[in-house]
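Residue numbers (the working numbering), protein chains in the order written: chain A, 524 to 633; chain B, 74 to 190.
In case anyone wonders, no lab produced these hints; they're calculated from the structure.
This one's a predicted model, so the numbers in the text were calculated from it and none came from an experiment.
One or more hints might be untrue.
Stated by the list, open to error - Looking from chain A toward chain B, a few residues come up when the C-beta cut is under 8 angstroms (computed):
(1) Cys563
(2) Glu566
(3) Leu569
(4) Ala625
Idealized CB from N, CA, C, for every residue including glycine.
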Amino acid sequence: RKEVEQDPGPFNVPEGATVAFNCTYSNSASQSFFWYRQDCRKEPKLLMSVYSSGNEDGRFTAQLNRASQYISLLIRDSKLSDSATYLCVARTLSNYQLIWGAGTKLIIKP
Amino acid sequence: GAVVSQHPSRVICKSGTSVKIECRSLDFQATTMFWYRQFPKQSLMLMATSNEGSKATYEQGVEKDKFLINHASLTLSTLTVTSAHPEDSSFYICSATLTSGGEETQYFGPGTRLLVL
């Protein structure tokens, strides 16, 4: 079983719709979580950190469920520019290493 | 925001040659940098953790004699792919850790696309 699992997609979503992804992690010692986005043939870029109480940044909302060991990302009013692969990342406190999911591909269609 | 650069961005080389990739943190110091490799349609795979002034820590299955890492300063880490073969063709990405306000964030370089013929 992978340490961080994501549905690879692709999710094909019409522009303006709301879309949500989940990501599960297996290591209960994971303490910090992040969502990155990666455009085709580019490096990942930090989208947002995920806090225990949940957090929102504009159209993006991230939530953490420690009991069920998953994090989620909600995108409202999706834009064409949101098309990308979204990577879920977990990190334990014991080191600086990040454990990456394989990513969920999102395609926003006009 | 923090900026990490990589050089070169793209390299094509013959089988058997060595290729050096540089990773620099431009506006911050990073005691720890990471080297990743990503094959098409796959996730980032951590290759090694580069620590300034000490030996790198390699992940299981990554040959330290083939992928030489040097972290000589707080702003520069290099990865040398020695005796490259076609199966080493991949997207190599480095990241550097910035610690600010008690939070640690990793910033990525733009990546180096290596093609070994």
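Do the hints match the structure? See the list:
Annotation: interface hint on A/Cys563 violated; nearest CB of chain B at approximately 10 angstroms, more than 8 angstroms. For A/Glu566, the suggested interface contact is upheld, since its CB lies about 4 angstroms from the closest CB of chain B, less than 8 angstroms. Interface hint status for A/Leu569: upheld, as the beta-carbon distance to the closest one in chain B is roughly 6 angstroms, under 8 angstroms. Residue-level restraint check for A/Ala625 holds (minimum Cβ-Cβ distance to chain B is 4 angstroms; threshold 8 angstroms).
Hint 1 from the earlier list is the only one contradicted by this structure; the remaining hints agree with it.
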